[in-house]
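**Q** One-letter residues, chain by chain:
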Amino acid sequence: MAPTIYRFIMRHSARQQVLLLLVTVASFPVLYYTLELPKIIINEAISNFDPETTLFGQDVGQIGYLMALSGLFLTMVVINGIFKYFINTYKGRVGERMLRRLRYELYARVLRFPLPRFRKVSSGEIIAMITAEVEPLGGFIGEAIAQPAFQGGTLIVYIVFIFLQDPFLGLASIALYPLQGYIIPKLQRRVNQLGKMRVRTMRQISDKLGETVAGVQEIHSHDTSALHLADIADRYGDIYDIRYEIYRRKFFIKFLNNFINQLTPFFFYSIGGYLVISGQLSFGALVAVLAAYKDLAGPWRELLIYYQQKEDARIKYEQVIEQFEPPGLMDESLQTASPADPVAIAGTMQLTNVTLTEESGTTILEGVSCTIPLAGVTAIVNAGGGGTEDLAPLLARLTVPSSGSIRIDGRDVQHLPESLTGRQIGYANASPYLFSGTLRDNLVYGLKHRPLRPAVPVPEVLARKRQRLEEARLAGNTDHDVDADWIDYEAAGCDGPEALAVRLFTILRMVDLEDDVYDFGLYGTIDPAQRPDIANGILEARHAAREALAHDSLRSLVERFDRDHYNVNATVAENLLFGTPVGTTFAVESLSDHPYVRRVLDKAGLTSSFLDAGRQVAETMVEIFADLPPGHELFEQFSFIDADDLPEFRTIVQRAGRDGPDQLGEAERSRLMGLVFKLIPTRHRLGLIDDPFKDRLLRARRVFADELPVELRGSVELFDEDKYNSAASIQDNILFGRLAHGQAQVANRLVRQMIAGLVDDLGLRTCLTEVGLDWQVGVAGSRLSAAQRAKTALARVLLKRPALMVLNEATSGLDGQSQTRVHAAILEERAGRGLIWVLHRPGLARMANLVLVFKNGHLVESGSFADLQQDPDSVLRSLLTNE
Amino acid sequence: MLADEVQLLKRIPLFAKVEPSRLKLLAFASERQVFQSGETIVREGEVGSTAYIIVSGEADVLIQTNHGTMTVSKVGKNDFIGEVAMLCDVPRTASVRALTNVDTLCISKDLFYSLVKEFPEIAVQVMRVLAQRLERSTRLLRERAAPAANILTEGDGV
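Chains as they are written, first to last, in the numbering used here: chain S, 1 to 883; chain E, 884 to 1041.
Everything labelled a hint here was simulated from the structure, so no lab data went into it.
Hints are not guaranteed to be accurate.
Per label pair, the in silico range of CB-to-CB distance [what the hints assert, rightly or not]:
#1 D593(S) x T954(E): 36 to 46 Å
#2 D887(E) x P709(S): 35 to 45 Å
#3 R531(S) x T954(E): 50 to 60 Å
#4 E883(S) x K960(E): 49 to 59 Å
#5 K960(E) x R841(S): 48 to 58 Å
#6 E648(S) x V1007(E): 25 to 35 Å
#7 K960(E) x P709(S): 45 to 55 Å
Computed from the model, here is a short list of chain E residues facing chain S with C-beta under 7 Å [stated by the list, open to error]:
#8 V889
#9 K900
#10 K907
#11 Q916
#12 S920
Looking from chain E toward chain S, a few residues come up when the C-beta cut is under 7 Å (computed) [said to hold, decoys possible]:
#13 M884
#14 L885
#15 S904
#16 L908
#17 A912
#18 R915
#19 V917
#20 E1001
Bear in mind that the values here come from a model prediction, so they are computed numbers and not experimental data.
Just so it is clear, CB atoms sit at the ideal spot from N, CA and C, and this is done for glycine as well.
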């Protein structure tokens, strides 16, 4: 990367900068004329019109002359405006393009950082640098060359003018420039240092902010919010001090500069005046010089501002770049090298004197030498003292040894491109990272190395797309299309999407994730227009479920939706809508504010019952939750009311008690009524939903559906026995009702079994699993359990069929039964291909062809399992007896 | 309904002296569970962490002996099953099987503890009742053990 911002500018935008400069210079005459013409208009056309004046040899008269000049003035103004517009947008474009290039280069560098580097820089710092810190550089880059040239040029023109009037005064006018040139950078240096400090402090703050977000649970569980507030306040204080100091110094520089600038006129008045009095200089010349000098101040000030901006940008650039040039940065070619490289991972892996040392000097692995055949299973056993978990990333070429070498078939792995190691070597550990998106996205993630088939072209956006790719090239960005199809089906041994889907199911079964995905499918939703096959199947399941649920053993477990009956296991809101809200219009939180809902309640004579029930709910909540601290778990789980809103409801309840509910304002009434919508009679057991209430609510349900205005129809998907409800989950669609509250665990299991039976009978299991693949895994896979994440990572590696698979205690988070199943499946799948497995239990070494036992970072023994087990003195044997 | 459940809780000696608004919270946050006749509510030997108060219905209390399962007693409305499980994780000392449909209010250990943590006066009331029981059983034990005093003294050293 360019070491300074100027080199960066010249390397990547020299042509644009020169063009900018030329256009700026070309705009000079126009600018000059827009300033000059008004003078000519006043002097020659208005006050002292010379009747001899002609225009292109024609006598046009005074008015004609005036009009011609005025027209010319207008033209010049327009041309000048166009120049300015062009220059400014061009500057902006150059700046943005360079900024884009810079950010892209920085990000590309992050992708090439050696892994241990990430222990030292936090994500917060990297984010702050790439986003906020470089932002002002874009604006500067556009001005970097043109601005000083323009202002400097103007300055020189004025100085030359003064010199032509009188060399003495000319000298006087620039006499103090050397002084300014000496003092100001000196003062500026301290400001620069402060600027650096500010950048550093700000980085630490963003680091702390990131830490707070990541560790917020610890903060709550230890009541340390005060500590964190104090810490951040202290850091903000540092920033304040630094910035204040910068302001003081910056404006002092301005003050000093202004003073020196005013010192020069002092010389003009005194010396120039003396010269005029003594007759050595004409009065007119002095006036002209003074006027010219006044004009000097403008460009001089601009130059000073530019100087300060330049220093600022220089520091920012250097400080950012410095962070992105860590030692051991991966060579760029390793990432960009052609994937068509015929080299394969095969033969043996030779470790020669491999040593891994932490920066603190701690030795993790020392002098490890061995040969691992790549076809077959190699188990690595930790006999205490660690080191093995750091060996696995080395073997997968994720990290490189501090000394010694790892060779595959004689070639040092350090020089193998990622297009080889990232495709032919698979690596999984126990706590993998998942990217936000669907489960499917995460599974096929390992197949997306390069765009393979262009995206289906959409004619309307084709031109736009081409333009975008061209612009990306101009900014030095990749021209790979992110919308293209990146999936390498061949790598997964498939010939297309259908075969891949089948393969995915096989792999889900291997890693024991199929049932989980089926469950995700049950909670998932589908669009019946897109998948009519699934929707129809689910409707069939619904009809079968109706019959099954009519059976005695299940009858009491599910209460089905029935247009003519109140469902006591559903909320009042669901009972009223008799459907699922789509979007926020009829969301339960805002239902009582909706005018249409209120009209329906009025019509059914429910308004006062709602108010009354709402008041009782509020009273009960205020009574029983009053003494709990806000944020208490019971609040979160059970209360209808947010802890923050409790005082408000207390006031409402008090007022309702004192003045009667009729005296409450509209907002308060709406809040009380809103509580009722959340009630589920069988769960909350408040005894507020009696038979007359239910009858009236059924009437309201009919009114709601019958009179629903056309524009609101899209906001609710009504329950309909014969129609698939796209807003509800698949499970809800099958049950077409609610699980009864207060049923023992056994009952829930029975219902699930019933659903599973129906799904299997109708051959829907695959469909549901497919829907389950669209499950959103959440940020970092937070919507999956740790075991599910580990299984997903295993599946991801198995799917790409690497020549060598390295597992780093990857199954340690799975439960015992699951482990047994998954281990067997992995061994079967990997039969005849390379598998290096860092074990979490020594007993698992039984399945390996070669066992390597490590202790305190040293390889202490190796051999076949049988040999080591029989050797009475072997470390493995003692490990096995202790297990 | 909630009000009835509060009355029910009040009849349980352990809660008799606890403030009604706390009992209301306890009842509100607890779940109702229905067991069909024949279903097992708690199983002997399993570690439980939930106590059940029977709202309606009847159930058999069974223990395993060398000669098979034996019914030792019956429980019904207002009876409290497994109250110790509400205080600590212990294996159930007997099984309870529903004889009719049994409607229960179940109080989990977690819920009870989070209430106690917030309102220590509940703990004081419960402690008092437990202490009285302890005192009574110690007294009973002493009375019954008096004839076998020798054995007890020997056992002290163990």
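**Q** All hints, please: hold or fail.
**A** These are the hints, each one checked on the structure:
1. D593(S) x T954(E): 36 to 46 Å: Distance hint for D593(S), T954(E) is violated at roughly 58 Å.
2. D887(E) x P709(S): 35 to 45 Å: Holds, at about 43 Å.
3. R531(S) x T954(E): 50 to 60 Å: 55 Å, holds
4. E883(S) x K960(E): 49 to 59 Å: Cβ of E883(S) to Cβ of K960(E): about 53 Å, so the range 49 to 59 Å holds.
5. K960(E) x R841(S): 48 to 58 Å: With a Cβ separation near 52 Å, K960(E) and R841(S) satisfy 48 to 58 Å, so the hint holds.
6. E648(S) x V1007(E): 25 to 35 Å: The hint (25 to 35 Å, Cβ to Cβ) holds, given that E648(S) and V1007(E) are roughly 33 Å apart.
7. K960(E) x P709(S): 45 to 55 Å: The hint (45 to 55 Å, Cβ to Cβ) holds, given that K960(E) and P709(S) are roughly 52 Å apart.
8. V889: 10 Å, violated
9. K900: 17 Å, violated
10. K907: With a minimum Cβ separation of about 5 Å from chain S (threshold 7 Å), the hint on K907(E) holds.
11. Q916: 5 Å, holds
12. S920: Result: violated, 12 Å to nearest chain S Cβ.
13. M884: With Cβ-Cβ at 4 Å, under 7 Å, it holds.
14. L885: 5 Å, holds
15. S904: 6 Å, holds
16. L908: 4 Å, holds
17. A912: 5 Å, holds
18. R915: 4 Å, holds
19. V917: Interface hint status for V917(E): holds (5 Å vs cutoff 7 Å).
20. E1001: 6 Å, holds
Hints 1, 8, 9, 12, counting from the list given before, are not met by this structure.
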